[in-house]
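Listed in order, the protein sequences are those of chains P and L. Oh and the first sequence: position 266 is 266 in the numbering used here, straight run, nothing missing. Oh and the second sequence: position 216 is 509 in the numbering used here, straight run, nothing missing.
If you're looking for bench data, these hints aren't it; they were derived computationally from the structure.
Listed below are the simulated BS3-like cross-link pairs for lysine-lysine, each with C-alpha atoms no more than 25 Å apart in a straight line:
no.: 1; chain 1: L; residue 1: K510; chain 2: L; residue 2: K330
no.: 2; chain 1: L; residue 1: K678; chain 2: P; residue 2: K290
no.: 3; chain 1: L; residue 1: K448; chain 2: P; residue 2: K113
no.: 4; chain 1: P; residue 1: K264; chain 2: L; residue 2: K441
no.: 5; chain 1: L; residue 1: K510; chain 2: L; residue 2: K306
no.: 6; chain 1: P; residue 1: K264; chain 2: L; residue 2: K579
no.: 7; chain 1: L; residue 1: K661; chain 2: P; residue 2: K144
no.: 8; chain 1: L; residue 1: K678; chain 2: P; residue 2: K264
no.: 9; chain 1: P; residue 1: K167; chain 2: L; residue 2: K661
no.: 10; chain 1: L; residue 1: K662; chain 2: P; residue 2: K167
no.: 11; chain 1: L; residue 1: K448; chain 2: P; residue 2: K109
no.: 12; chain 1: L; residue 1: K678; chain 2: P; residue 2: K144
no.: 13; chain 1: L; residue 1: K678; chain 2: P; residue 2: K167
no.: 14; chain 1: L; residue 1: K306; chain 2: L; residue 2: K517
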Amino acid sequence: MSVLVNKDSKVIVQGFTGTEGSFHASQMIEYGTNVVGGVTPGKGGQTHLDRPVFNTVQDAVDTTGANVSIIFVPPAFAADAIMEAASAGVEVIVCITEGIPTKDMIQVKEYLKDKDSRLIGPNCPGIITADEAKIGIMPGFIFKKGNVGVVSKSGTLTYEAVDQTVKAGLGITTAIGIGGDPIIGTTTKEAVELLMNDPETEGIIMIGEIGGGMEAEAARWIKEHGTKPVVGFIAGQTAPPGRRMGHAGAIVGGADDTAAAKMKIMRECGIRVVESPAEIGAAIAEELAKVQA
Amino acid sequence: MNIHEYQGKAILKSFGVRIQEGIVADNPEQAVEAAKKLKQDYNSDWVVVKAQIHAGGRGKGGGVKLAKNIDEVREKSKEIIGMQLVTPQTGPAGKKVNKVLIAQDVYYPGASETKEFYMSVLLDRSRGRNIIMYSTEGGMDIEEVAEKTPHLIQKEEIDPSIGLQGFQARKIAFNLGLSGAAFKDMTKFVTALYKAYEATDSSQFEINPVLKTSDDKILAVDAKVNLDDNALYRHLDYAELRDLSEEDPTEVEAGRSNLNYVKLDGNVGCMVNGAGLAMATMDIIKIAGGEPANFLDVGGTANAETVKAGFNIILKDPNVKAILINIFGGIVRCDRVAQGVIDAYQEIGNIPVPIIVRLQGTNAEEAKKLIDESGLEVFSAIQLKEAADLVTKVLS
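Chain L with its partners taken away, still in its complex shape:
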């Protein structure tokens, strides 16, 4: 589960990770009050107005702006709140900004140069262990660093039986070229960050940049915190941080019907049992000359209820020109699924696009007969190849 920067930072702070302080605001007036409070608490003359959306690259899209006085805070907040922010990660439609984080200016001048680093904590799948990934090249796109200068990205693996050790935190701080007070503060930062990662059951932390301030403090300027959905039952307080306005409304609705749905941009909707077969069905749509409009796994029991819910979800997408239902009936019988499709179809009434139903497995022949004799405008198939050919046919 993704959460906002301001929520992620609050979690990090609760584990002793130093952060760029800030106050979240829903409107320009709150933003002004926040800026005044930051002046009072942290003597921050300038503040940064940061759009709160679940996507990176906010700066590039004009969602992060410096404000040097109260008038500018009001003005920039007005600009950003309500805007449709387009970043390299949002897609061309962008995302609506509902909140801004008014954050202290941490790039103030001082005794030493400021310096930006990159740090993330994540699972190394091949090793089955967590790693801390870090780089001296902070503040930029890490994918770009990985491509152009891969030697500048370093990794530290955590042994799960003993956890992060002091020597590892020191190694990271040394490798980042730090000394003195900044070195000490970095070891504290790394230690607290990993502790937070473990304790929150997170699946990824990305702190970009981690800043060394001009007075040698280490802090998180940004925070992307991704929590493990499977562990949310242990963290009900974090589960409440979910922001449904950041998610596709159809995906949210599908989730309520226990359907696993991901909206895509294509023209052929699909409804499948099982995640692997669902992905394979998307691929076959593409090979047949269409583009998948969605991923939809209806799970093990494809009955009239789930099929109906699936139809309703898919038909919300105006781009859908055809629907392919692909069910491999193992323990669930195909004739029952076919009856489910027929019942759902009749209940919904007129479905304006052609439907292709491919049922294979237990009682596949009986299922095909049921569909063919239903009098509905539904194409039936048993072999996957036949279903693909039907997709090509209805699209042409």
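Chain P with its partners taken away, still in its complex shape:
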């Protein structure tokens, strides 16, 4: 078991023949991901990385039976690409693209409401199920298989947490990079819920950052329904209010979305919150040891 993606996932790449798409598609293939083809409008019929290129997502799905798509198209066309994938019935859509206008994402969110697709991202590193499928841009080799699930808004900070976890003698089931934009397809709470329901996952690392209320929502859900230990970290304890810290969504707007406020509510909900990002790996190892004792 694992969540969202596994070795049987049939993956297509939107923006397949572009620089980013080509590079990361080949890395995904090298990892062992079952990439069955890609989409670049106007290049249908060609072959790229030994796989077929299609003009539309619908063609790709009809021909290959793809159920997962990863999107590497530029920001101006990314919202359209997400909706195209959803309209073709793709189950899991991972959008890596950073810089999509908010207005476009409001429309995407509305469009996805009555579709069966789950969107991950945008502005995210993707999802990886260790040793099975990498649908993203993360360095695959650091993800050793194990029993810890990861939910994170950030890329390199996820790698950091995973690396510490592996060095602490543990491993990863699935890591979900949900993205750092103000509007994203899958929230922290939804991702935590998926991992909580996964029998292989025994502990969860939840990495958030300043801005928005998703961590608080997830914390309240964990308090109510949690069955596994959760270690949390919030980046941006030292970020000044009103300034955007890289990610479009990482901005302190009021008293509730500061790191301190989020850490407080997470603690109140029973999450082991670490102050220092250097302690994430040790903390999850300790929490898991407690459960197993």
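With chain P held as given, fit chain L onto it using these hints.
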């Protein structure tokens, strides 16, 4: 992207939102001419001289003044233009005022009492939809209203599939206690305001106050317009409204090198790949006993060029006593980043502060060896904890 009040008002007006009219001026003479024109066009005997800076609370800092005659216009403009305006939002250094908006007096006496409201349009992140937030408590600090009398702030959510509806505009106008001509004018105001928000790809409008004049007109006395940076490619005319003099010069320079840099007040500079890890690195500096001097995300490819640009940006800040480079090498190899650091260091020459380089990920050991054998005064680390300890060590 932030823009000035006068620019925001011009955009609102172009969508049919009634505004307090005004003319922008660079010097007292232009201010006098502007006041004369306002007298002619709007019969405004008094005018308001308003400092144009990208920060709120201008009135509190003495940046907004009433002028009752032409001499006063000249005098007050002279005072305000060139002043270093300190408001609760500018920080203690304040911001230099380069322009003033000479605006019509809209608080003239008349048949009914004037009344001030608050209105903003913004994204409700938890819902993924836009909302109009409004209050009868206009003209004051909305954070204060939210804290003391939260029941006086109301919200109207916009369904993206149908947009703002007439009944919603009417509800807002009724909830603000309006009737008659003012009620009608408020529904028009709300409708035009939302239309402007959508059409301009804005990320926030804040109109505080929205005024009901003594002759029952509704208009925007102030306008904070924030445009979505990610959508500026669709609005090249608005992109030109960017005022670089309002931004930190180092941040502007960093932007030119494609570095995401935010200047802070601390003593330890940092250079990191990825926004989340960059924030986490700032936090670790604090835990190690320092204060972060900046946020700096060098992005995915940390090569000699970006590292050099990063050093140059950080070293512009005289408060920096140490620099922590924290790179998690995933697809980018650590030994290449290390070589980049060494090359950049040698090219810049003498860097007067201690450097701590923490490289983790692909080829981290080789990278550490490269740094250690370079002969440069650079501390190397692989674990994040080690890097934190080194920060503590070099600061003591």
